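J.: Residues per chain are reported as follows:
Protein chains: 2
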Amino acid sequence: MFSPLLIFLIIPLVRAVWPLPQIYEPGNSTLWLSPDVRFDFEGFETPSYTSTFSVWDHVQRIFSGLQTTQAKPQKSLSLETLQQVSIERLNRGVFQERFVPRKFHQRNSPFEPKLEDQQSKIYIDRIRIKKVSIQVGLLSQLRSTKEAYAINMEADGKVIIETASENGVLHAMETFRQLFYAHSSSSVDAYTPYAPVLIKDAPRFEHRGLNLDISRNWIPPSDVLRVIEAMSLSKLNRLHLHAADAQSWPLEIPAYPELALKGAYDPSQIWTKTDLEIVQGHGNLHGVEVFLEIDMPGHTTAIGHAFPGLITAPAMDPWDFYAAEPPSGQLRLNSSAVGDFVLGLLNDLLPRSKTWSLYFHLGGDELNRNAYGLDPTMNTTTAAAIKPHLQRFTDTNIDTLKAHGVTPIVWEEMLVDWNLTLPSNVLIQTWRSSEILGEVLKKGHRAIFGSNSHWYLDCGKGTFLNPNTTEGDAKARIKPPFLDYCAPFKNWRQVYDYNPLKDIPKKYQHQIVGGEVHLWGELTDSVNLDNMLWPRVAAAAEVLWRGPGNPVSEDVTRRLAEMRERLVLKGVKADMVQMEWCLRNKGGCSL
Amino acid sequence: MFSPLLIFLIIPLVRAVWPLPQIYEPGNSTLWLSPDVRFDFEGFETPSYTSTFSVWDHVQRIFSGLQTTQAKPQKSLSLETLQQVSIERLNRGVFQERFVPRKFHQRNSPFEPKLEDQQSKIYIDRIRIKKVSIQVGLLSQLRSTKEAYAINMEADGKVIIETASENGVLHAMETFRQLFYAHSSSSVDAYTPYAPVLIKDAPRFEHRGLNLDISRNWIPPSDVLRVIEAMSLSKLNRLHLHAADAQSWPLEIPAYPELALKGAYDPSQIWTKTDLEIVQGHGNLHGVEVFLEIDMPGHTTAIGHAFPGLITAPAMDPWDFYAAEPPSGQLRLNSSAVGDFVLGLLNDLLPRSKTWSLYFHLGGDELNRNAYGLDPTMNTTTAAAIKPHLQRFTDTNIDTLKAHGVTPIVWEEMLVDWNLTLPSNVLIQTWRSSEILGEVLKKGHRAIFGSNSHWYLDCGKGTFLNPNTTEGDAKARIKPPFLDYCAPFKNWRQVYDYNPLKDIPKKYQHQIVGGEVHLWGELTDSVNLDNMLWPRVAAAAEVLWRGPGNPVSEDVTRRLAEMRERLVLKGVKADMVQMEWCLRNKGGCSL
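Protein chains in written order, with the UniProt record's numbering: chain A, 1 to 591; chain B, 1 to 591.
Because the hints were derived from the structure by calculation, they are not lab data. Note that the structure is predicted; figures quoted are calculated from it, not measured. Fair warning: there could be bad hints in the mix.
Since copy identity is lost for identical chains, a pair holds within one copy or between any two.
[What the hints assert, rightly or not] With a cut-off of at most 16 Å between alpha-carbon atoms, the simulated EDC-like pairs for lysine to aspartate or glutamate come out as follows:
(1) Lys-442 - Glu-252
(2) Lys-502 - Glu-435
(3) Lys-570 - Glu-88
(4) Lys-387 - Asp-417
(5) Lys-502 - Glu-439
(6) Lys-573 - Asp-525
(7) Lys-262 - Glu-435
(8) Lys-573 - Asp-223
(9) Lys-131 - Asp-117
(10) Lys-507 - Glu-166
(11) Lys-262 - Asp-365
(12) Lys-354 - Glu-289
(13) Lys-146 - Glu-206
(14) Lys-131 - Glu-80
(15) Lys-443 - Glu-366
(16) Lys-130 - Glu-80
Take the sequences, apply the hints, and build the full model.
T.: So, in structure tokens, the structure goes:
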């Protein structure tokens, strides 16, 4: 080795865990993990029922690449389930996936502890998991103590995990397993170089979500099972399924069989009732609450394939006067048939969906006024004339949700652009700017953030629209370099750098429930889904868990790069975080 | 169906073939392809030797996911090989991959021919392939008639393919198979809806390449086999392997065993001599000539791990005064040890590599002058003082190539920035602008195009550099939104829209040998490789085959989207071309 390269020979402090715990005090001693490690659960309730549903079978079926299983999903996290999931996390995550962090160390450097000396190896062979009332202490500013946990791993191998809830166990086990690496010279040896470790942790935001569009292109339920697994590694806890849009209606609604049969792209591309239940149940097993959005009254064209009478301005040519993207078409607002349809739809969906989540998203974005000029019962394009109809439509839907005990979420336009009167329990999802987030909070509503300037993962890959060359190139409105409206591409650093609280007065911040990172589906299908999501969703997850405002440092790069390797080992085709040279040579790629 | 949607019910003219043939006259009758179709080869020479190497085994080994095989690659396309490859292309491409173009037609529309009436089904059961002197006729402006071919498929099922060469057979078979679709209701039925078909085709450019960086991150040889397969579908014929750079030296050089052992990221991340031979041989079987670049004298830091004495300014901190990216380090220029090393290197590589390609790329880009201020034998940073050394270094290397009968390629800087005197047979690869391309041509050299404004596939994913937060955020030079130097992302439309001939006077155009699309590897490894390459490399391939200047129309979108589905069926995890709704509804996504 020639001498100037020596500047990079300082052993890099790989700190492993993503998202970074609120309090994290790692040491630098080695402990080994026994493959036969025992779990002792203390203070948890006896399971209310003994499940015949095996998490092991379930998970193995998914990861052997089979389509969704018919097994009955779990409705509650029983002690038995919790034990299985905990063992599974550690076993698969450490001993099967076998992460050897070679590329985080200087080339040809000896970075692993020695295997030989069996005498002096200290093993962890027992993990005590206690359910306690977490003493928040330094974490008092954190909102959601029910997901809190603490890990105390002592130098002699004693491990005590304290959690406030069952979900805390899942988080603790994931943090714990991320402290371990497989040894490259042995298939049964795994170690942590970070002992002793003290961790106290709880999330900054209660609602830590991903909004996934399963409508614009076909996303099979089996893919979403993998997305849920990956989300749980980053401690995300909400999956918002944007389940229908103008382009297709993939969701089976038993009350209206024609809806998906005619509205899905193809009869083979339908999310059946069972698919949805399995995805929601799988989410539950991984601490991820899966809720649905039926976007209304805009973004509804696909309903017209089964029920043409409900839609105004369907698939107009040209479309751009009537919609933000093709095809145009919206639910009529002055139609009892539409009212009956939506009531039937919600009465079908809500009883099933509320088993898994007490949220339901009613949509409400990008409503086009011109479309109502073509609706003979409305015959107007003015906001003033449309608003009373929109208010009545929304009131009715919110009442239906209330009857089912479900909390509504709507897009910001309903409150900010249309100035509708909404009950105070309605959660407002903002997407355009932090000015709008501030406006929503000022109106007294709780809100979800996720600005398109940072958290729209679809941006920057180019427009999906075709130049209209029938009128000659000169008139084409799609011009080089063919960017989309929200370009540039949001690289992971930009995602991480998002600070939704920046211009929000302190007095309003408690109304912020959390945020969601978004993947709109115009240019995403099953083949490129992983690449579009990861590692960027994980970058957002640390903002949501730890809180915003942490600088984009090399340390963040290195931890996220480790996380990406864990995702890859789980079968997720994640995009890259950093060049191998930079990971191997700490400090070498700064500017 | 509600009436306005009817505007999209016109049967879309899916024209299937990518790249579009120069002359393509499809019909609209149906012909069926017999699974037992016979090939009659006429006019080809008796194979010079009978190979014991089975293409079938080879291809199947690759696609069952195994690592590279030890089988001996083919050195010439014998008649036997040609027959095997032809049968394989059709069999795998049509009957095994089974492309059913459902998403290119209106939902729930009957787009397939009826299977029932066995009597009236006309089958193609024999394909005559004749080697002839192609009458160029309308193709007279095309440069490379040796790859020309013609297909005449008559309505009665008679098929005659004429080709000027063995490579023409490969192209013809790929075009032919792209005319066929699998039938969704039968595993043995495949049809073309485009009969009768007349095709006359030859490439606009002789050199149609991809420059793939296998140095900055580990790209396994097995991945490159898949890249070659995919390239051959788009009729690309040159794979430029950027085989070493500052960050790592993955290439085994038997004359210098330490070079890769110490210079690769890890001993498990080495391209062995056999790996290289298999990749080059695999290329040969697919009509893709694989040639190497050893970039010199810049981009050579990794040599210093084995031979520290050869490198000036290695891995300096800060690096940015000494290199375009970290780590800094260049070959000394006034050193007989460097001369001896490079001679030994080329004498090791060239005899092996020239079996497969008579090109060798000597690099020469981004040479940093400051690095030579730290070289005690040079002790200068002025271009005037460095130039004579660079001229001598380059002369020597070009002489070595000449002794092996190999044509040199160098980056544009050698001619344009350093104004070196280069023999007229040296091919100049341009990358910065069409002004520079024009300048190179004016100096009388033949050139390769590939501007970073359109054909740098790595651009726009964000910088790989870390902010230097040790000096405080305010001083960090890496700022939001963390873009890279050549952002934005080059979406496939921008790739397709590239017209390298635009500002080039007609009288110089014959000096343009062709072009290459580039994937620099800072943020690409085995996991995201397919996504970074496809479908964008295919978009570039049509520019190279058909010639530039074709408008980015919906028709192009639809054909490229079909091509992408073929790539996906071959196991390539390609990015998306277009939303399914737009493909199903012709004209619906124009603006």
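J.: None of the hints should be skipped; say for each whether it holds.
T.: Status of each hint after checking the structure:
In this assembly of identical chains, Lys-442 and Glu-252 lie within 16 Å of each other by CA distance neither inside one copy nor across copies; the values are 39 Å within and 65 Å between. Taking the shortest alpha-carbon separations for Lys-502 and Glu-435, only the intra-copy value of 10 Å comes in at or below 16 Å, while the best inter-copy value is 45 Å. Taking the closest pair of Cα atoms, Lys-570 and Glu-88 come within 16 Å of each other only inside a single copy of the chain (13 Å); across copies the shortest separation is 34 Å, beyond that limit. Proximity of Lys-387 to Asp-417 under the C-alpha cut-off of 16 Å is restricted to the intra-copy arrangement: shortest distance 10 Å within a copy versus 65 Å between copies.
Taking the shortest alpha-carbon separations for Lys-502 and Glu-439, only the intra-copy value of 14 Å comes in at or below 16 Å, while the best inter-copy value is 50 Å. Proximity of Lys-573 and Asp-525 under a CA criterion of 16 Å is satisfied in both settings, with 13 Å inside one chain copy and 11 Å between copies. Proximity of Lys-262 to Glu-435 under the C-alpha cut-off of 16 Å is found in neither arrangement, the shortest distances being 41 Å within a copy and 54 Å between copies. Taking identical chains as interchangeable, the C-alpha atoms of Lys-573 and Asp-223 lie at most 16 Å apart whether they share a chain (12 Å) or sit on different chains (14 Å).
Taking the shortest alpha-carbon separations for Lys-131 and Asp-117, neither the intra-copy value of 37 Å nor the inter-copy value of 71 Å comes in at or below 16 Å. In this homomeric assembly, Lys-507 and Glu-166 never come within 16 Å of each other (Cα to Cα): the closest approach is 32 Å inside a single copy and 76 Å across copies. In the homo-oligomer, the alpha carbons of Lys-262 and Asp-365 never lie at most 16 Å apart, since the shortest distance is 24 Å inside one protomer and 57 Å across protomers. Taking the shortest alpha-carbon separations for Lys-354 and Glu-289, only the intra-copy value of 10 Å comes in at or below 16 Å, while the best inter-copy value is 59 Å.
For the homomeric pair Lys-146 and Glu-206, the shortest alpha-carbon distance inside one copy (9 Å) is at most 16 Å, but the shortest distance between copies (66 Å) is not. In this assembly of identical chains, Lys-131 and Glu-80 lie within 16 Å of each other by CA distance solely inside one copy; the values are 15 Å within and 72 Å between copies. Taking the shortest alpha-carbon separations for Lys-443 and Glu-366, neither the intra-copy value of 21 Å nor the inter-copy value of 57 Å comes in at or below 16 Å. For the identical chains of this complex, Lys-130 and Glu-80 are intra-copy neighbours only, at 15 Å inside a copy versus 71 Å across copies, given an alpha-carbon limit of 16 Å.
Consistency with the previously given hints fails for numbers 1, 7, 9, 10, 11, 15, ordered from lowest to highest.
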